[in-house]
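Student: Listed here are the chains, written in short residue letters.
Protein chains: 2
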Amino acid sequence: MSLAELVLEGNIRAAARLMRDIDDCRPQAIDELKQLYSRTGNAYIIGITGPPGAGKSTLVDQLTASFRTRGKKVGVVAIDPTSPFTGGAILGDRIRMNRHSCDEGVFIRSLATRGALGGLSRSTSDVALVMDALGMDIVIIETVGVGQDEVDIVKEAHTTCVVMVPGLGDDIQAIKAGILEIGDIFVVNKADRDGADRTARELSTMLEMRQATAGQWNPQVMKTEAQRGTGIEELTDEILAHRDSLLSSGSISNFLRERNQRHFMDVLRDTLFKKALAYMATDDTLERVVTGMGERRTDPYSAVEELVSKLMPV
Amino acid sequence: MSLAELVLEGNIRAAARLMRDIDDCRPQAIDELKQLYSRTGNAYIIGITGPPGAGKSTLVDQLTASFRTRGKKVGVVAIDPTSPFTGGAILGDRIRMNRHSCDEGVFIRSLATRGALGGLSRSTSDVALVMDALGMDIVIIETVGVGQDEVDIVKEAHTTCVVMVPGLGDDIQAIKAGILEIGDIFVVNKADRDGADRTARELSTMLEMRQATAGQWNPQVMKTEAQRGTGIEELTDEILAHRDSLLSSGSISNFLRERNQRHFMDVLRDTLFKKALAYMATDDTLERVVTGMGERRTDPYSAVEELVSKLMPV
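So the sequences go chain by chain: A and B.
Here the first sequence is numbered in the numbering used here, starting from 1 and rising by one per residue.
Here the second sequence is numbered in the numbering used here, starting from 315 and rising by one per residue.
No wet-lab data here; the hints were simulated from the structure.
Honestly, I wouldn't trust all of these hints.
To be verified - No more than 16 Å apart at the CA atoms, straight line, and that leaves these computed lysine to aspartate or glutamate pairs for EDC-like: (1) A/Lys34 x B/Glu619; (2) B/Lys348 x A/Glu306; (3) A/Lys274 x B/Glu619.
Isolated chain A (complex conformation) (with noise of 0.2 Å):
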């Protein structure tokens, strides 16, 4: 049996392997999420983002239990900041949620901030569909809430939480503005800390002052101690009638619609890309532009051009 197949009949070490090969950015992984990919489209996705030191990973382990807690399967996608040099994520899925790692109901994944730019998005979207393809109800992905990268992922998601916490200094409130519109639910954690009130009260403001427009879902500001597990049912509940809110409106169709384009652009770009790298590999292009660029004498811009009207005579 194929790896897809496998993963399809919720076998979970295929699904780890199979992850592994995207990570690696192996050919075959490739026809495997053809042979998956008419199978999936069932899971529910869930993005929680937010500043570091926000007690994002608490709040996930938390959130992956009350699911649990309802009967559904959950799979949770840690991007993690990495070493640019080393490689490799720096939390990595053993010391996450030790108390999910006997629940076959659980399946956690952490992926690198590493590799070539865009490349994250792409993988992040091919390793939830294996969980989706795997028979996760729930699909969670994490991730820092800063970078551009992280805020196209979050763009995967049906449901976003925004996570901030009190007290993050000056900065925070340019990243709080900057995040406003990606939140379909917003989340002040560690809210017994001082000032959990004024951020919440804060947020609430900022979000009263954006035209609020008839019939559209209206995000609200919930408090948690995820630390404690406070407030973490009433958030469940919250992301469950965002989805209801999707559905009945019918503005499910545009997201759609907009998550499968992005998918198609991101796995086109990626491709050209390396099909590009493979002709370069076989000639003397990329050492002779690079020579010529350190010495003034070629532009990459002109180089570029050369070359992609020999590439793609389109």
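Given the structure of chain A, go ahead and fit chain B onto it with the hints provided.
Tutor: Showing chain B alone in chain A's frame:
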């Protein structure tokens, strides 16, 4: 005269105009960059990166003043976290470094983290190139050091300063480990805060654990209070010491080679994708594929293979 010629004469308004064209992805900007390219490669690029709340903007402001005192012209490219929906940088040029606003030897430009993946690193290179052509001796690139995009941007810099502050919470540890390899100099800012000495000691210990190679640059941990200007001259001296080390050890040539190769690759990836988009604008491929994906009849991997074999027959 072309914009490129005006920029090479030191015309600030022409530079601002060209940067706007780059930001808007106007094709004519490429022609200007081609003209500029042979006259660039003179500016020394300094990267300033660190988590939100580390006081990077203030530090950049002080470094700018310090280099001005030493008779250097300074360009600043500040990468601001952006609203992914509304576009536009949140902290605009206007609220940055007002005190340099009347100084012709300082040129400040904010870049928003929007647009296509991979685009940020590309436009940062291009904007830095314009500042170089304009005659800036020093170009400071300031970025929030969390995402992969941001890390890639920092690779542009001859000297990278990683800025930390005491007491930003646990996740910071992970990021600290992640950016340990990219720092040439480490700065503990807000050094008057509780825990500053401990943060500096921890950083030093982590740096000592890395294997030191004979003749290689040995990153130091500096303490600053950017608000008061404390430690700035020492930091400037350390940056210049790192430059001397790059030049005398000869490692500059490898660095420049890698940077040129990366720039070429960025332009290539971008150009290939744009040409494919232009092609798709003329037929119904996109519509057909996205609709097929929605019905799970078409998978994106097979659709891309088909398209790419048509576009790139080589």
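Student: Against this structure, judge whether each hint is valid.
Tutor: Evaluated hints:
1. Between A/Lys34 and B/Glu619, the direct Cα distance comes to roughly 11 Å. Compliance with the 16 Å bound is thereby established for this hinted pair.
2. Distance restraint check for B/Lys348 and A/Glu306: the Cα-Cα separation of roughly 13 Å lies within the 16 Å cut-off, and the hinted pair is therefore satisfied.
3. A hinted pair counts as satisfied when its Cα atoms are at most 16 Å apart, and A/Lys274 with B/Glu619 qualifies at roughly 12 Å.
Hint compliance for this structure: no hint is broken.
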